[in-house]
Amino acid sequence: MIYRHHIAPPRAFTQFSHDLIRHPRLSSDAVRLLTWQLSLPDGAREPLSRTAERARIGACAFTRAKRQLKEEGFVHERRLQGPGGHWVTQQLVSNVPLSAAEAAKILARMPVHVSGASASPQLAPSARVPAVGAPTPPPTDGHPEKDPGGNTSHPPAEPDATAPGAADVPEAARALVAALPHLSPDLRRIPRGMHDELARLVSRWLTAGHTTGAIRTHILRGLPDDGTPVHRPGGLLRYLLRDVPPAPTPTSSAPTAEQPAPARPSSRLAALRECEGDHVQATLFRPTGDETLCRRCLNSPPPVASRCAPSPRQRTVIA
Numbered sequence: 001m002i003y004r005h006h007i008a009p010p011r012a013f014t015q016f017s018h019d020l021i022r023h024p025r026l027s028s029d030a031v032r033l034l035t036w037q038l039s040l041p042d043g044a045r046e047p048l049s050r051t052a053e054r055a056r057i058g059a060c061a062f063t064r065a066k067r068q069l070k071e072e073g074f075v076h077e078r079r080l081q082g083p084g085g086h087w088v089t090q091q092l093v094s095n096v097p098l099s100a101a102e103a104a105k106i107l108a109r110m111p112v113h114v115s116g117a118s119a120s121p122q123l124a125p126s127a128r129v130p131a132v133g134a135p136t137p138p139p140t141d142g143h144p145e146k147d148p149g150g151n152t153s154h155p156p157a158e159p160d161a162t163a164p165g166a167a168d169v170p171e172a173a174r175a176l177v178a179a180l181p182h183l184s185p186d187l188r189r190i191p192r193g194m195h196d197e198l199a200r201l202v203s204r205w206l207t208a209g210h211t212t213g214a215i216r217t218h219i220l221r222g223l224p225d226d227g228t229p230v231h232r233p234g235g236l237l238r239y240l241l242r243d244v245p246p247a248p249t250p251t252s253s254a255p256t257a258e259q260p261a262p263a264r265p266s267s268r269l270a271a272l273r274e275c276e277g278d279h280v281q282a283t284l285f286r287p288t289g290d291e292t293l294c295r296r297c298l299n300s301p302p303p304v305a306s307r308c309a310p311s312p313r314q315r316t317v318i319a
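In UniProt numbering, the protein residues as written are 1 to 319.
One or more of the hints may lead you astray.
Label pairs and their in silico Cβ distance ranges [unchecked claim]:
no., residue 1, residue 2, range
1, Arg79, Pro170, 33 to 43 Å
2, Ala247, Arg79, 52 to 62 Å
3, Cys60, Gln15, 23 to 33 Å
4, Phe13, Gly73, 17 to 27 Å
5, Cys60, Lys105, 32 to 42 Å
6, Val112, Asp243, 47 to 57 Å
7, Arg79, Phe13, 32 to 42 Å
8, Gln15, Arg50, 18 to 28 Å
9, Arg67, Arg238, 43 to 53 Å
10, Glu102, Gln15, 14 to 24 Å
11, Lys70, Arg238, 38 to 48 Å
Treat the hints as calculated values from the structure; they're not laboratory data. The beta-carbon is built from N, C-alpha and C at its ideal position, and this holds for glycine as well.
From just these sequences and the hints, can you work out the full model?
This is how it looks when you write it as structure tokens:
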């Protein structure tokens with residue numbers, strides 16, 4: 001049996017409903033975080049994370065408690081851009097559950113506060129001590145006496161006459177570049193400004209004799225296969241297509257100088273024939289006609305029957 005004794009506090013107290021304190025889906029940390037926030041003065045702008053630190057609520061418990069309060073409608077928050085371009089997060093804490101529309105109406109009436117530490121004040125330029133002497137006007141003598149082109153440390157780059165222009169790029173190269181986003185998900189974000197450059201690189205491969213299928217296979221082999229995301233697909237394609245290897249030559253079945261035909265046997269060996277007799281190793285002989293056995297096999301006697309061979313059956317006649 002349990003007994004309860006309480007005395008109404010004369011000051012510094014906050015009234016909460018039983019539905020809030022005994023909420024079945026709120027943990028003790030969520031109830032403590034909510035009641036602590038509701039007990040703060042009206043002008044306090046303390047965020048939920050600071051309240052969790054003061055209430056000795058850990059990071060994981062705070063995340064779980066905040067999620068429960070947002071799911072039940074006691075906490076709402078939104079991000080918006082305040083004065084000066086700073087992004088701020090507004091949090092609304094209520095003692096009764098609110099819908100998203102009701103919370104949006106309340107937050108729309110609230111002023112946007114930006115902390116003074118995050119704002120960067122602009123200071124007016126201070127007065128400077130003028131330099132000694134009168135100001136000197138810039139020289140206006142006209143052009144220099146000689147051409148300084150030879151003394152220029154960084155002369156302008158000469159245009160490459162061999163580089164193909166936009167009009168020289170074949171339509172097949174442009175079509176291949178336009179279809180690259182469909183080749184792999186890693187190539188979906190190719191910048192539009194790089195299509196002409198990539199088309200010129202592809203045209204070099206086509207001019208060297210490579211087919212469009214070979215170019216696609218080369219690009220697919222260069223993509224990461226371990227799940228690494230490609231943040232700059234245009235730069236990766238420029239790297240893969242920068243060097244053009246020689247096109248593979250078609251293989252031919254005719255013998256070439258590098259692969260000589262198999263040598264024919266000499267005329268002496270061509271006149272020999274392999275004996276079909278019983279030999280341990282293959283035996284060659286020179287036939288005089290159409291015989292298939294060598295002289296040794298022809299002169300050897302026929303094999304003798306084995307002693308263990310079964311004798312023919314004899315019939316016994318009984319009169």
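Hint-by-hint comparison with the structure:
For Arg79 paired with Pro170, a C-beta distance near 49 Å fails the hint of 33 to 43 Å. In this structure, Ala247 and Arg79 meet the distance hint of 52 to 62 Å, their C-beta atoms being roughly 55 Å apart. Roughly 31 Å separates the CB atoms of Cys60 and Gln15, a value that falls within the hinted 23 to 33 Å. A hinted range of 17 to 27 Å holds for the C-beta pair Phe13 and Gly73, which are about 25 Å apart.
Between Cys60 and Lys105 the CB atoms are about 33 Å apart, so this pair conforms to the stated range of 32 to 42 Å. A beta carbon spacing of about 55 Å between Val112 and Asp243 agrees with the range 47 to 57 Å that was offered as a hint. Checked against the given bound of 32 to 42 Å, the beta carbons of Arg79 and Phe13, roughly 34 Å apart, stay inside it. Separated by about 24 Å at the C-beta atoms, Gln15 and Arg50 satisfy the suggested range of 18 to 28 Å.
Arg67 and Arg238 have their C-beta atoms about 45 Å apart, which keeps the hinted 43 to 53 Å range intact. One distance hint, 14 to 24 Å for the beta-carbon pair Glu102 and Gln15, holds here, with the actual separation near 22 Å. At about 46 Å, the CB distance of Lys70 to Arg238 agrees with the hint of 38 to 48 Å.
Checked against the numbered hints given earlier, this structure breaks only hint 1.
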